[in-house]
Amino acid sequence: LDHPNIVQVYSTGLTPMNQPYIAMQFINGGSLGNKLKQFAEQGKLVPTEQALAIVRQIANALGVAHQAGVVHRDLKPGNILIRTDGTPVLVDLGIAAVQGGPKLTQTGNLIGTPNYMSPEQVRGLPLDGRSDLYSLGVILYELLSGKRPFDAPESIAILHKHVYEAPEPLGNLRRDLNPETLQVVETSLAKDPAARYQNAAQMVAAIDRAMTRESGGAPVRQTTVWLPNPHESDLINRSGVMLQATRFPTPAKPTSPRKINPMLIGGIVAATAVIAIALFLIFGRGGGDGNEEVAGATLTVPTRSDNAGGSPVQATSTQAPTLTPLPPLPADEPTAAPTDIPTLTPLPHATDTAVPTNTPQPQATPTIALPTTYTGTDGKLMRLVPAGEFLMGSTSSQVDAAVALCRASPDRDSCVYSEFASELPQREVYLTAFYMDETEVTNNEYRACVTAGYCDAPDAGTGTYSRSNYYDRASTYGNYPVVFISWSDARNYCSWAGERLPSEAEWEKAARGTDGRLFPWGNTFDTSRANTEDRGTEVITAVGSFPSGASPYGIYDMAGNVWEYTNDWFDPDYYASAPDTNPPGPNSSPSGEKVLRSGSFANYQHYARVANRGAVTPTSSTQFRGIRCVVDAGN
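The sequence shown begins at 6 in our numbering and counts up by one.
In case anyone wonders, no lab produced these hints; they're calculated from the structure. Heads up, a few of these hints could be off.
27 angstroms max Cα-Cα, derived BS3-like pairs, lysine-lysine [to be verified]:
1. 152 - 49
2. 166 - 42
3. 152 - 42
4. 166 - 152
5. 196 - 166
6. 196 - 385
7. 196 - 152
Quick list of the computed label-pair ranges, beta carbon to beta carbon [unchecked claim]:
8. 542 - 593: 35 to 41 angstroms
9. 171 - 415: 39 to 45 angstroms
10. 413 - 453: 39 to 45 angstroms
11. 377 - 529: 25 to 31 angstroms
12. 453 - 401: 42 to 48 angstroms
13. 156 - 417: 51 to 57 angstroms
14. 457 - 131: 31 to 37 angstroms
15. 622 - 160: 37 to 43 angstroms
16. 542 - 156: 50 to 56 angstroms
17. 402 - 552: 27 to 33 angstroms
18. 18 - 377: 53 to 59 angstroms
Ideal Cβ positions, reconstructed from N, Cα and C, are used throughout, including at glycine.
Let's have the full structure, built from the sequences with the hints guiding it.
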């Protein structure tokens, strides 16, 4: 693997004494883990732009590795070394390390560092590059907040949190961070790999947007290339003390993505294991990040300084903008102790000029055909909402029309323009695929959760003003939407079903599709397609009673019947700064309210528009609110 942010391996083989070795580039400057400790001891955080720059360069390095079929599997601050010029270098690629020494790991074992392992790695599932991007998201969270997103005294508790718990929102710890930066962390730490960045190039692009927002301008691409020192040739000739006349050519750049031969990896594992103790005694121990590892490790031979006395030459590229070299962090101890044994030095490059580094190009993500329906663990049918873009929110003219509709209705005295202005501006949003309940959660379905002891019974269990003994009469109203539940009740039900509440963006896409329509069925309101007060009945109806009002994805009752909870806090100004990819919603609400969608049987058509946003105190409950759950398609 040839990349300026990946440590180079110059050779593997046997010494004259028949001892196996790995000859690697020596990086002087210490690990990112040690730098984090230094900042913590000083009561400081790594500057935001510097944190983003470090992660961006490592993401680029991972992109090269992933294209070559290599997954790191033990990405952590201790495996990122920082050169004296501030450039981060990824080490232990495809290996696990203890006390700073690298060891090749074996596919299929639970190997890694608990604080940085992805959920699928914890569960022993097959891994791809998205697992590394999760680990990189953990590192970014730690750089920006000074704490890890998941921590506990015991490793097993940490692993459980990776799989089942959400981290404290970074925005709660750093209210100065812009939404793009928060979104990078949020997307990277998604439990479902399908909800993360699908490749390193996507993550780099998102970091670029965040850095542009942080700095107010686009980053500039500049790289440092070290030209060979003229004394290197003589040093190589004298390195026969260790390898006689053996030469080490510069690793060739990969010409195309390739798979790593597992037999080759296994052979090196075995060879390295044999000499683990000997190498440790010869070369001492290097710096690590102090985290407990799941598996043991061995050590390899550091070979040369990353500079070796060469001359720095600046090379500017015309490719997509990246970053200037980072300012140096405080100096640290090198990761391997110096020895009296001569080290190995690579041959000089044949060229006298600096060569711009190659930036990995985005790779097309394979399209996976997903089934259009899915049955949840609660037995409820769910409909697929495919990945892609859609129009979210309303235009100014649509808001004006909604206000006019309101003022023409019996609600005219309560119509306020600002109530509808929160739908502005309309924008294009990209969402990953998910499944949504075909209908609202019913009394019978919710009762199963209550019986299981996971959910509380509705607050006013005897009925509504339009239906007596509403919840208790299962034979009559079992197929009607459950009401008189709070936001927490709704969240608990979805969790019990192995699902979650939808984000506001997910709800709107499921309701309107991709053509920007005003109602689930089109742009013209029709009382035969939705249960709203325009019908004059003002009663709750059984779920799915208006099949002609289904959304483009075959989801019923997304206009009227009962309001539906979403996961998002309500902020009337959020749309103006919301991310355009998987927006997670704001970190808090100025009014302390959660977003509601769809309108109810007691509301007129202007509230039944797919873009309409309601808001409610999450601890309250009424007969007008119900539940609908989603699950990530990757699950």
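**Request:** Compare the structure with the hints numbered earlier in the document and write down the numbers of the violated ones, lowest to highest.
**Result:** The structure conflicts with no hint, since it agrees with every one listed earlier.
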